[in-house]
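Enquirer: Chains as they are written, first to last, in the numbering used here: chain A, 1 to 180; chain B, 1001 to 1327; chain C, 2001 to 2437.
Mixed in with the good hints there might be a few duds.
[Unchecked claim] List time: in silico PhoX-like cross-link candidates among lysine-lysine, alpha-carbon distance up to 25 Å:
1. A:K97 / B:K1166
2. A:K97 / A:K143
3. A:K97 / B:K1054
4. B:K1166 / B:K1195
5. B:K1167 / B:K1045
6. B:K1053 / B:K1083
It is worth saying that the hints were derived from the structure and are not from the lab.
Each chain, written out:
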Amino acid sequence: MSVVMDADRIGRTLTRIAHEILERNRGIDDLALVGVRTRGDHLARRLARGLREIAGTDVPTGALDITLYRDDLMRHAVGPQPLVRRTEISFSIDERKILLVDDVLYTGRTTRAALDALIDFGRPRSIQLIVLVDRGHRELPIKADYVGKNLPTSVEESVQVYLRESDGRDEVVLQQGGPA
Amino acid sequence: MSAPVTMRVEEAPPLTALRRKDLLGIADLTPEEISLVLDTAEAMKEVGERPIKKVPALRGKTVVNLFFEPSTRTRTSFEIAEKRLSADTLNIAVASSSVVKGESLADTALNLEAMHPDMIVLRHSSSGACHLLSRICRSAIINAGDGMHEHPTQALLDAFTIRERKKRLAGLKVAIIGDLLHSRVLRSNIHLLTKMGSDVWVCGPPTLIPADIARFGVRATSNVDEAVAGADVVMLLRIQLERMEGAFFPSLREYFNVFGMTEARLRRAARDVIIMHPGPMNRGVEIASEVADGPYSVILDQVANGVAVRMAVLYLLSGGAGDEAAA
Amino acid sequence: MKRLLKGGRVIDPANGIDGRRDVLIDGDRIARVDHDLPADGAAVVEVPAGLVICPGFIDMHVHLREPGHEHKETVATGTAAAVAGGFTAVACMPNTNPVNDNANVTAYILAKAAEANLARVYPIGAVSRGSNGELLADIAELRQAGCVAITDDGRPVATALLMRRAMEYAGMFGIPLIEHCEDPSLKGDAVAHEGYHAAALGLRGMPGACEALGVERGILLSEVTGSAFHVAHMSARASLRAVRNGKNSGIRVTCEVAPHHFTLTDESLGSPIPYDTHTKMNPPLRETVDRDAMLSGLADGTIDAIASDHAPHHYDEKHVEFDRAPFGIVGLETAVPLSLDRLVHTGLIGLQRLVQLLSVNPARILKVPGGTLSPGAPADITILAPDLAVRVQAAQLRSRSKNTPFDGWELRGGVAATIVSGRTLYVNPAANVPDGL
């Protein structure tokens, strides 16, 4: 098992992504951040803070629970199944440019589910995907627009993101075998 | 599960699935399972607040609502819940009476089973009908009310409503008043509330109190004032008008005078008491209109919460929560 | 044809015998029971150690269902089940279709019994026409045709007045009135014993008092009329108390208990199989204190007989919702193993007492031959294997119906062989019974 990103690295990566967001999107007035629960939610909030510090604007931020949108293959995935939580998007997503935030991009199925969920909420103008780690092995034609770190992995390995808000520390860990 | 991975085991992982095939009664559930249903119902409630009130969680699943007793309220609630989860629903209303025999429950079940429904929601006038169905069918069975035995989703939505208002169930004084003997809602609520640590008082005329009621972990009394004193929750149960013929009490007028919930009686309850009723209400019998429509009543919330709670039950039993649910 | 059963333990309370004896059977009669009898032309059968020779058991409460309900049982299948259960005779209830309230039905039953030629059948006639509680049945005619008692079993006699008249009238013939004790208004549409388990399962319950009321009524009327009153299938402690008081007052009351009432309690309603219709019978399975009262009544002599209340029902009839299922379970083939396992091997009673309960007293109450191995008595013999390991298997029962809650039970004690009128009608292959028996 090895630590591929430590707290410092995670912090700098998120700052870098915040800058990228500002560069690529002419105006940020119609932007909104939606984090995929649970860790994507924490990352989205950190990005919102980052954007506020850099550009002085408050980007609306919501949290999306995609448990009810998982497909069969996701349901049989190894590991403890998540509890269904509330989705909290207190603003309208119509006509907005949504920045969908998740911790790890792997098969792409989570993102697919998140897209289905978002479209049930309204009609965004566009959706861009932000991930902290892209570990490859896509099973669907999904691509991230902003990537914290590209991390080639094998299917026997697993990538685990730990965040202060939920796990007490900031760390991205690569290990052999299934997730704990 | 894959090859074992070393991990620090601080405590058992939180429950995320109901470890059973059916929901036949609250008596079978653990407090953890009850909490799981209530927590999941929170998320389901939010689905009902969206513009598009649908999630694909039960897409492609067939759910049969097999109702041997007429019921608009419960059946509609289940149907909406099923549709919100994108299930294919089928409503079968069986006209039945003890006089008209017709096809046996066992045969109805076998015929249905041949078409492979994923879940069957059963309401029947015989206690234990769901147990019989469960032995015959591989489908998941959800008890929507069997005779005088249990009505688990009602108790779950009652608990959800209480928790919504009071933020907890443990330590609350809950008074349940009415026809205790014949009520399946009572039995389910007693099981649930005692498992979750509430202080349950049941009240009614002695003729309508089941045998050995203290063995269920509740206090029983025929004195309404004693039951209501300091109560955080007052739950009224329906009095069936036919009970007069069984000499359970002399008249509805007398019942109302002795046991009916009026504003005056309610003054002895806690200041922020909530009034509940599974419906349909007999106004002027078990509950006065001013109480049913008053500021303490959460009766309409119960109905609203019914859909969310039933969505949670359907979801957690359907295997949508993972392989563990099939065990 | 003579047979000599040599060296087995013989229990014959009527003659004060409990020990090793030889039993000489001559044709259809017992010739002699004594130590070291000479063979004298008889076929000699060495009785293996461990088997016990008793006067033939008599089950005084059996529903043979014929005429009218042959899908559940017939006289032929019922008497086959009886001999397999160790019973040389059964008394059968009149709630057939048509009800046995006239000589024609009685003759029909006896003809079927003769045709089957297995256990003896003693019909019990109805108290009232159709058992509908209005007019007396032709009791003299029934007696003449061969009925040994009267009852409206399935339900209580409708009114105290009718019961009084029936008792007075039947008193002419010295036959007992056997009563299904129950107060119908108190019973209502109950399906189980009123208590915690029925309450938890949402089943309507009837209290023990429901039965005891009927017992008290019958005892009082027995006192008034001087006629014999017999309590069928007693289950409640209040009933036992009433019978005990009645006996102490010298009233002619007797009673029987079914094995399920001294074995099971209302806890079986919910466990192991919730709402198992094989736990539904009337009177119902009651609380532990009632079950224990039955045990103490069996031990202290208050209870006179064990009778199975064998009530066969077809699978389809029982495979329904609990409150829709008919009351009753089969019992002929489990009565003896349950009695041995639960009464004798627990030390509650000895084998002598068991023989009184299953043979001596039923014969006395019904005034039929049997209950003894005296010279000249019919050669009706039940041979027990008290230490035999028995596994109840519903599918193997000889009864046409298999509605038993005891399927899979492992019991200690069973029947080795059953001899009626000198003919060996049943041999248990598992019991080490010698050839020639």
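Enquirer: Next step is simple, just say for each hint if it's right about the structure.
Expert: Against the structure, the hints:
1. Straight-line distance between C-alpha atoms of A:K97 and B:K1166 comes to about 39 Å, which puts the hinted pair past the 25 Å bound.
2. Between the alpha carbons of A:K97 and A:K143 the distance comes to roughly 17 Å, so the proposed pair stays at or under 25 Å and holds.
3. Between A:K97 and B:K1054 the CA atoms are separated by roughly 23 Å; this keeps the pair inside 25 Å, and the hint holds.
4. The hinted pair formed by B:K1166 and B:K1195 meets the criterion: a straight-line CA distance of about 17 Å does not exceed 25 Å.
5. Only pairs whose Cα atoms come within 25 Å are accepted, and B:K1167 paired with B:K1045 is accepted, the gap being roughly 16 Å.
6. About 9 Å separates the Cα atoms of B:K1053 and B:K1083, which keeps this hinted pair within 25 Å; it holds.
The structure is inconsistent with hint 1 alone, although it conforms to all the rest.
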